[in-house]
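Knowing the structure of chain X, use the given hints to seat chain V on it.
Sequences listed follow chains X and V, in order.
This note's numbering numbers the first residue of the first sequence as 695 and each following residue consecutively.
This note's numbering numbers the first residue of the second sequence as 4 and each following residue consecutively.
Fair warning: there could be bad hints in the mix.
Unchecked claim - Straight-line alpha carbon distances no greater than 20 Å define the calculated DMTMM-like cross-link-like pairs of lysine to aspartate or glutamate that follow:
1. V:Lys523 with X:Glu830
2. V:Lys523 with X:Asp828
3. V:Lys514 with X:Glu752
4. V:Lys438 with X:Asp762
5. V:Lys514 with X:Glu760
6. X:Lys723 with X:Asp769
7. V:Lys514 with X:Glu826
8. V:Lys477 with X:Glu760
9. V:Lys514 with X:Glu830
What the hints assert, rightly or not - Derived contacts from chain V toward chain X, CB cut-off under 10 Å, selection only:
10. Glu463
11. Lys477
12. Asn478
13. Met479
14. Pro515
15. Ala516
16. Ser517
No wet-lab data here; the hints were simulated from the structure.
Nothing here was measured: the structure is a model prediction, and the numbers come from that model.
A virtual CB, placed ideally from N, CA and C, is assigned to each residue, including glycine.
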Amino acid sequence: MSFRGTNASSGMGVAELSKSTFLELQRKKVHRYVIFKIDENKKEVVVEKTGGPAESYEDFTAALPENDCRYAVYDFDFVTSENCQKSKIFFIAWSPAVSRIRAKMLYATSKDRFRRELDGIHYEIQATDPTEMDLEVLRDRAN
Amino acid sequence: MTQLAETYACVPTAERGRGILISGSPKSNTILYTNGRSVIILNLDNPLDVSVYAEHAYPATVARFSPNGEWIASADVSGAVRIWGTRNEFVLKKEFKVLSGRIDDLQWSPDGMRIVACGEGKGKSFVRAFMDHSNFANCVRFSPDGSKFITVSSDKKGIIYDGKSAEKIGELSSEDGHKGSIYAVSWSPDGKQVLTVSADKSAKIWDISEDGNGKVKKTLTSPGSGGVEDMLVGCLWQNDHLVTVSLAGTISLFSATDLDKAPVLLSGHMKNVTSLVVLKNDPKVIVSCSYDGLIIKWIQGVGYSGRLQRKDNSQIKCLAAVEEEIVTSGFDNKIWRVPVHGDQCGDADSVDIGTQPKDLSLALLSPEIALVSTDSGVVILHGTKVVSTVNLGFTVTASAIAPDGMEAIIGGQDGKLHIYSITGDILKEEAVLEKHRGAVSVIRYSPDVSMFASGDLNREVVVWDRVSREVKLKNMLYHTARVNCLAWSPDSRMVATGSLDTCVIIYEVDKPASSRLTIKGAHLGGVYGLAFTDQYTVVSSGEDACVRVWRLTPQS
Numbered sequence: 695m696s697f698r699g700t701n702a703s704s705g706m707g708v709a710e711l712s713k714s715t716f717l718e719l720q721r722k723k724v725h726r727y728v729i730f731k732i733d734e735n736k737k738e739v740v741v742e743k744t745g746g747p748a749e750s751y752e753d754f755t756a757a758l759p760e761n762d763c764r765y766a767v768y769d770f771d772f773v774t775s776e777n778c779q780k781s782k783i784f785f786i787a788w789s790p791a792v793s794r795i796r797a798k799m800l801y802a803t804s805k806d807r808f809r810r811e812l813d814g815i816h817y818e819i820q821a822t823d824p825t826e827m828d829l830e831v832l833r834d835r836a837n
Numbered sequence: 004m005t006q007l008a009e010t011y012a013c014v015p016t017a018e019r020g021r022g023i024l025i026s027g028s029p030k031s032n033t034i035l036y037t038n039g040r041s042v043i044i045l046n047l048d049n050p051l052d053v054s055v056y057a058e059h060a061y062p063a064t065v066a067r068f069s070p071n072g073e074w075i076a077s078a079d080v081s082g083a084v085r086i087w088g089t090r091n092e093f094v095l096k097k098e099f100k101v102l103s104g105r106i107d108d109l110q111w112s113p114d115g116m117r118i119v120a121c122g123e124g125k126g127k128s129f130v131r132a133f134m135d136h137s138n139f140a141n142c143v144r145f146s147p148d149g150s151k152f153i154t155v156s157s158d159k160k161g162i163i164y165d166g167k168s169a170e171k172i173g174e175l176s177s178e179d180g181h182k183g184s185i186y187a188v189s190w191s192p193d194g195k196q197v198l199t200v201s202a203d204k205s206a207k208i209w210d211i212s213e214d215g216n217g218k219v220k221k222t223l224t225s226p227g228s229g230g231v232e233d234m235l236v237g238c239l240w241q242n243d244h245l246v247t248v249s250l251a252g253t254i255s256l257f258s259a260t261d262l263d264k265a266p267v268l269l270s271g272h273m274k275n276v277t278s279l280v281v282l283k284n285d286p287k288v289i290v291s292c293s294y295d296g297l298i299i300k301w302i303q304g305v306g307y308s309g310r311l312q313r314k315d316n317s318q319i320k321c322l323a324a325v326e327e328e329i330v331t332s333g334f335d336n337k338i339w340r341v342p343v344h345g346d347q348c349g350d351a352d353s354v355d356i357g358t359q360p361k362d363l364s365l366a367l368l369s370p371e372i373a374l375v376s377t378d379s380g381v382v383i384l385h386g387t388k389v390v391s392t393v394n395l396g397f398t399v400t401a402s403a404i405a406p407d408g409m410e411a412i413i414g415g416q417d418g419k420l421h422i423y424s425i426t427g428d429i430l431k432e433e434a435v436l437e438k439h440r441g442a443v444s445v446i447r448y449s450p451d452v453s454m455f456a457s458g459d460l461n462r463e464v465v466v467w468d469r470v471s472r473e474v475k476l477k478n479m480l481y482h483t484a485r486v487n488c489l490a491w492s493p494d495s496r497m498v499a500t501g502s503l504d505t506c507v508i509i510y511e512v513d514k515p516a517s518s519r520l521t522i523k524g525a526h527l528g529g530v531y532g533l534a535f536t537d538q539y540t541v542v543s544s545g546e547d548a549c550v551r552v553w554r555l556t557p558q559s
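Just chain X, same shape as in the assembly (with noise of 0.2 Å):
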């Protein structure tokens, strides 16, 4: 018998195309945010949607539904005191309070596994309203 870690797992899976999505974000830069999804039936983590470079940080947040949770990765661009221009990858669990117990605890056993396979992440971050990921906490974690 092995044991996988001590963190409880769900047992999902993560699809090639997850991953093949964002190192597209993170090497080539054709996405600004891919927002991934768990589909239950497939039992693994798939992507949802996608979005151009030219998007804003509203369309990220408007494409975030309002009451199921969901993983997302967005890349920010931003500008040092020293003026340098730097970006760094964000992955959000987004998790809102008014969401059902289930898919809460769902998206919350399957993170780390998915997180694993993610490489290159900066920094996360959990938001459980959208006040906790407003563009000033993303603001204030990459200075």
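Just chain V now, with coordinates in the frame of chain X:
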């Protein structure tokens, strides 16, 4: 962007039977006193010029300037002393725990290098006991040149001692002396006179002769109603200003050079200011009310403008006001309607509604209609007549009545908003809105009556469209603690919310909630009252007993 425009300071916390300590700057006409956990720095020449130091974790007891005026040492009931700079945002120099109990007084050494503190608990305390008084010795002060010191006591006497040998050299004459406990004493800058204040509601100036005896030169009294609240508990001789503080917190400024001149009276709140109303007839008059029943009028740009003299001074829980009338409820079962003329209140009419009123609102267009919410229902009043009492079957936590008196919104403990239409004395439920995840704490209609906003204990605020009853602005979740109060701007474009988390947040209804303006730390302890005086000016009040006026500059 927001900017603090004015602060209407609180007054020193005073309690009966105890003197209070106020101290002055060696360089200017600034005085220091404490209220709750704050240290107030007030400019006697311009009372609107006031700053507040709010870094103590426990109620502060005394604050004193260092001899060079650069630092302030303040102490609190936990025995901690903080030394901080007068300029530069009050940067903390040092903090240490001196005693294990309350610090009653502290003093800087003349070279500014040492501080002596006295109080309760183990630690430094008086080395010599002076047994010349027969009752509590309330205050002891060295003369400016150190040659003498004087003690004053609840036995109505003042005794003068030699500064070096601590021998008694004289006393304040009992001829024309105080008729009550003397709570505080202050020397004049030249050391030839002292100012004393007493429970007999007067202040006296004594000439101290070379042989150490004092004779009354002048007795000063402030105008007052003559009650217990006029007992004087603190005094300070600050250059040309003679400052006396009464039990009610009124600061009277007499002129040292012109003793017959009537004093300038400054006042403010001593306790949590729980409601704020802007009187409609003159937008610049702000009426604030604290739970101890004190109602004060302020004028923007001028400051303290008078206290509303009420016939009975019971505590006030809710307050609503229109031009010439104030409606209040307290902790008994009555609603009081008080006509107001200038600063005087007329005879109050009251009505007993049978249970404790929890919230109160007036139909602004016909103010004789009032909606009072109680624990399980509402009561509608016309004037002082109970028109109907309705048991709604759920626990009511907030209510509001539309300006035309035809509709009411009642918020419950479960967060649901119930909308009722009012015809005569009948309430008919029209809709129930569910969005809040905590008990509703405040509901307000917009001035143009097209919308209403509600806030709850779960720190969320929602703006609704009145006609369609749909959510107009959501995600207003930026407070980190319960929402206490809410106000609409006169043009109905902005909503300001105040919370226990000490912040005031201003949202624009047409923009997403994320583009909000935040005023952090508006009032230590929580914001309890909010109102707009005009499009770009917000007034807030809170637990720190202060009222602050903020200017909003429109965002580009």
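Among the hints numbered above, which are violated by the structure, and what are their numbers in rising order?
When the structure is compared with the hints, none of them turns out to be violated.
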